[in-house]
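Top line first, the protein sequences correspond to chains W and H. Counted from 1, the first sequence has number 54 at position 54 by this note's numbering; the numbering is strictly sequential. Counted from 1, the second sequence has number 155 at position 155 by this note's numbering; the numbering is strictly sequential.
Take the hints with a grain of salt, since some may be wrong.
To be clear about the criterion: a stretch of chain W counts as covered by chain H if any three or more of its residues have a C-beta under 8 Å from a C-beta of chain H, and this derived list gives those stretches [claimed, not checked]:
id, segment
1, 166-178
2, 289-299
3, 332-343
Estimated spans, in silico, between C-beta atoms of each pair [said to hold, decoys possible]:
id, chain 1, residue 1, chain 2, residue 2, range
4, H, LEU271, W, LEU123, 39 to 49 Å
5, W, PHE220, H, GLY208, 31 to 41 Å
6, W, PHE220, H, ILE291, 31 to 41 Å
7, H, ILE254, W, ASP184, 42 to 52 Å
8, H, GLY208, W, PRO196, 42 to 52 Å
9, W, PHE220, H, LYS150, 53 to 63 Å
10, W, VAL227, H, PHE143, 50 to 60 Å
Partial list, computed: chain H residues near chain W (C-beta under 7 Å) [said to hold, decoys possible]:
id, residue
11, GLY172
12, ALA219
13, PRO257
14, GLU259
15, LEU270
16, LEU271
Quick caveat, the hints were computed from the structure, so don't treat them as lab data. The beta carbon of each residue, even a glycine, is placed where N, CA and C say it ideally should be.
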Amino acid sequence: MSERTQGTFQSRLLRGAHRTLTGLHPALESVLAAVVGLLIGALAMWLWGYDPWGAYATMLKGAFGNGWGLSDSAALATPLILTALTFSICLRAGMFNIGAEGQVLIGGLAVITAGYFSLPPGLHHIVALVFAMIAGAIWSIGPALLKLTRGVHEVISTIMFNWLAHFLVLFMIGNVVVNPQSADQSIQIPSTAWFPKLVRGTDLTYALFVSIAFALIIYFILWHTAVGYEVRAAGLNPTAARYGGIKNKRTMLLSFLLGGISAGLAATMIILGSSPNHAMFRGHGQLTNVGFDGMAVAMVGRNHPIGILISAMFFGGLTAGGRLMQLGTSRVPVEMVRLVMGVIVLTMSIPELVRVFPSIKKQTTELVKSLKKLVGSERRRGSA
Amino acid sequence: MILQLIGFTLRAMVPITLTATGEIIGETAGLFNIGLEGILLISAFAGALGAKAGGPIVGLLVGMGVGAMVSLVFAVINTYWKGTQMVTGIGINLFAIGFVEFGLIRLGIPGYYAIPDRFHLAKLNTPFGLLSPVIFIALALPFIVYWLLKWTRAGLMLKATGQAPEAADVAGINVNRIRLLASVLGGALAGLGGAYMSVAWFGFMTKGMSAGRGFIALATVVFSGLNPLLALVGGLLFGFFRSLASWVGTMPGIPIPGEFLDMIPYVVTLLVVSGVIGRVRFPKSLGKPYIRE
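Let the sequences and hints guide you as you build the complete structure.
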């Protein structure tokens, strides 16, 4: 009896260890991809005549070395969490939504419109947030409907909608939400709607908590509700999901809407939070490429809300450190960071990255195999 | 006036037609590359650098070479390493944005680089205005590719690897190698389209040069149903609407704001694609890596 309980305990322990190790696989892949990205970034810097190691040292110190750096990294991570969620929710439902860029811009316009009201703080925040969420969702309906009714591939339609958003924003800044003092930007949002600073002297505001809360909500919806289960099932195997009684069209529309809401929120985080002018710019300023960078964040975060929180911090740190890198002795332009991002995504597209590095693959598979064998023998003994 | 409009249409048609034709070769073999936008951007930049170093012809060749190289990376990941094609494409696009912005800063003014006049490709004087010789390549190429796909053994091999890779494998065709070659060839054509933009059309390089053309080319491929001749028609169509937009913009007394005119090519793309879907059939194994059992 005692031997038996001991056996089951041991096997449970082993099984746990086994799960952790195989569960580490995805994380290991993300880390490997990040390393490959940084190495190729170093190569590019070296080719262009910069000092890569000095640059990376400045970057690392600037991003995570002290409180200021950490706050700036978190501030840059705030909108990335949300645009990454836009991509991930749709990917979980089996679609490639690359329209976050445009949805962010339209969400930004809605936030600017909310600036025309004079409301007490708190209420003003809520109005701006709701406006942006609705606007983002509305902009995501177009590609969703085109896909559902006409079968237009979302990669094409979302990109076209991004460009439409780009020109619409240019028009609105020039003609509707005009700033009389400056032709380059829209009106400024009144301070009643600004997010209060979390750390003085940095860009970090309470917006971070909104982002994290939204990521947790999405996690809850996707993994702990029936609707979320349907979304994920439709993404894993649409045919099986349909036979299982899941309405694929509804889940598609839903994931697009959730994505749009998330992207709209991302615009709010920037305009009410970190942007020094609390306005929109003709060149889109801080809103530029937030949607595209979000895709890299999503990929490295393995399209899981919790993973996204971590990887957003990593990419936020890259950009925050990158800005210092630009000012420091190495003077490497911050655009380097996006090059690194691209390589990381490229690397992430290789399935079971570890397989490309044979020695790592061999070791991990052997370890997993031996663990499996152990668990198996324990189980047999336990049942005997 | 009409002649001018035709001339402008021809000029605007080139990158889309070339890229779409290249992508048709790749998609026939079963590779779906959404990194075209990035390839256009990066090869436009490489073309500008090449032209500065060795004249316009070198610029075009460098653009083609870089396009082929990026496609080679894409193809290796998605044939031998069984990658996810969509994700690779997204990675290429991100990389291109970063690489080109980074490179432009290194050249001086952030986001913009003017190629000195003497490095521009000479243009032919025609009734439609000054036209670059590349335009005639773009006009002829779809016919050549059509012939290649329809009437040659190589074309059949391409189709087989896209439709039924197992059968092709059994017939002794190296599926992965064919896909690799198709993708590299397609990338070279997209690269020519990109280099054309900087070396033979605009004469300068900006960080937003590709302006969605890669995706419009993807839409053209959908519209064409993998027929290069229809890709030419699609390219002309989008070229026409782009030139119409800028033509209307120069007319006095038309109360449409320029921003809305700029939207026209993108709206037309959406309309055209939503009009043809359902009637077009793509290779069965498009987008799937071939895994030998």
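Query raised in the report: Going through the earlier hints one by one, which of them does the structure break, listed in rising order?
Result: 7, 8, 11 and 16
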